[in-house]
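Chemist: Letter by letter, the chains look like this.
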Amino acid sequence: MIFQTCFTVDTPGRGSLPIVRQINARLAESGISTGMCLIFVHHTSASLMLCENADPEVRSDLERFMQRLAPDGDPLFHHVDEGPDDMPAHVRSMLTGNALTVPVSGGHCDLGVWQGVYLWEHRTSAHRRKVSVTLCGE
Amino acid sequence: MIFQTCFTVDTPGRGSLPIVRQINARLAESGISTGMCLIFVHHTSASLMLCENADPEVRSDLERFMQRLAPDGDPLFHHVDEGPDDMPAHVRSMLTGNALTVPVSGGHCDLGVWQGVYLWEHRTSAHRRKVSVTLCGE
Amino acid sequence: MIFQTCFTVDTPGRGSLPIVRQINARLAESGISTGMCLIFVHHTSASLMLCENADPEVRSDLERFMQRLAPDGDPLFHHVDEGPDDMPAHVRSMLTGNALTVPVSGGHCDLGVWQGVYLWEHRTSAHRRKVSVTLCGE
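The listed protein sequences derive, respectively, from chains A, B and C.
Numbering-wise (the working numbering), the first sequence opens with residue 3 and increments by one.
Numbering-wise (the working numbering), the second sequence opens with residue 3 and increments by one.
Numbering-wise (the working numbering), the third sequence opens with residue 3 and increments by one.
Derived from the structure by calculation, the hints contain no laboratory data.
In this text, all values refer to a predicted model and were calculated from it rather than measured experimentally.
We put the beta carbon where it would ideally sit given N, CA and C, even for glycine.
Everything hinted at is true.
Under 10 Å between C-beta atoms, here's a sample of chain A residues computed to sit facing chain C:
| # | residue |
| --- | --- |
| 1 | LEU40 |
| 2 | GLU54 |
| 3 | ASP57 |
| 4 | SER62 |
| 5 | LEU64 |
| 6 | PHE67 |
| 7 | GLY99 |
| 8 | VAL104 |
| 9 | PRO105 |
| 10 | VAL106 |
| 11 | GLY114 |
| 12 | VAL115 |
| 13 | GLN117 |
Covered, in the sense of this in silico footprint (three residues per stretch, anywhere, with C-beta under 8 Å from a C-beta of chain B), are these stretches of chain A:
| # | region |
| --- | --- |
| 14 | 77-86 |
| 15 | 90-97 |
| 16 | 131-138 |
Next comes chain A alone, as it looks inside the complex:
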């Protein structure tokens, strides 16, 4: 059985937001109990991340790591028309990925105890992001 739907997330600018609750809500609608769930972000300057959900400092450290790796305004980049944070956003997106598949068990995302799924906005300004959910299971 296949079930497909989507939702939008309004981000306040750079940073990561938990989205497991929204995904589990779609799973409940689908009636699927066991299978796989493809989460997909339809953009190239926002991405998905599985990350520790206990200490929020882990995510701010990851943010800081990315800022060191590909700083805003990095003179390496030629594509600057969309602002100093645009190419760094594409780099971050490329490194973390726009597609994430998680197992589904007992009707919800079967994550580890400390795992959360986050939508990671990489642009510094607020954006509306489309996330789709495709379920395959029974």
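Since chain A is already given, all that's left is putting chains B and C on it; use the hints.
Modeler: Showing chains B and C alone in chain A's frame:
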């Protein structure tokens, strides 16, 4: 319903090539309208990337970023028998991934307006690369 | 058809371990011949990697690359309560991914000749890691 096929891409050496057209052609053959599409590169020195499809400078900036992160001939690497671009190719492949799953909707890959799927050749010389497509849907 | 199971891997600390044999054994149990196999690590400081399976020096070079990119004890990180290798482990996990989907063909993982699937332990001490396998196919 499951549908599986593969195709090859002849790359002229390092750089990224759009492959969405080839994938959508396989999707049309399959008759699948809604589901998920696993794209898989059967190599460890080429990979897949979702990237902006508007300004090609974005992709050359990403190339430049990778070259800074893991330069050819980097003295860090011990595995040098296959040439100075081989370990950097493995690093790039590891960071971007050989497997990519995208949602299928209306019989084609359901990407964002600015998203393209690219096969990224990381070796400096020309190669023939095998890409498989596995579809699950209805 | 959906088949789901899991197994554990006892790691001796940092380093990568081949797990294709364990996955192919689960595939044989499932009776699935063609489809896709989602491998998922239920942790945020261990991850999955597709990598060359010929020269083990490739994997030690990748280890060395990660150590340069996010060294243990890096003063960039604020989250240090779990030890100097914890944030670097989260960085490595974020960059390489906890979920990997591979095609299934002829009843086994359809990898390239030189591709292996590895569980990558990023913590320096020994850990027991849960890996789940979700198969969708026929």
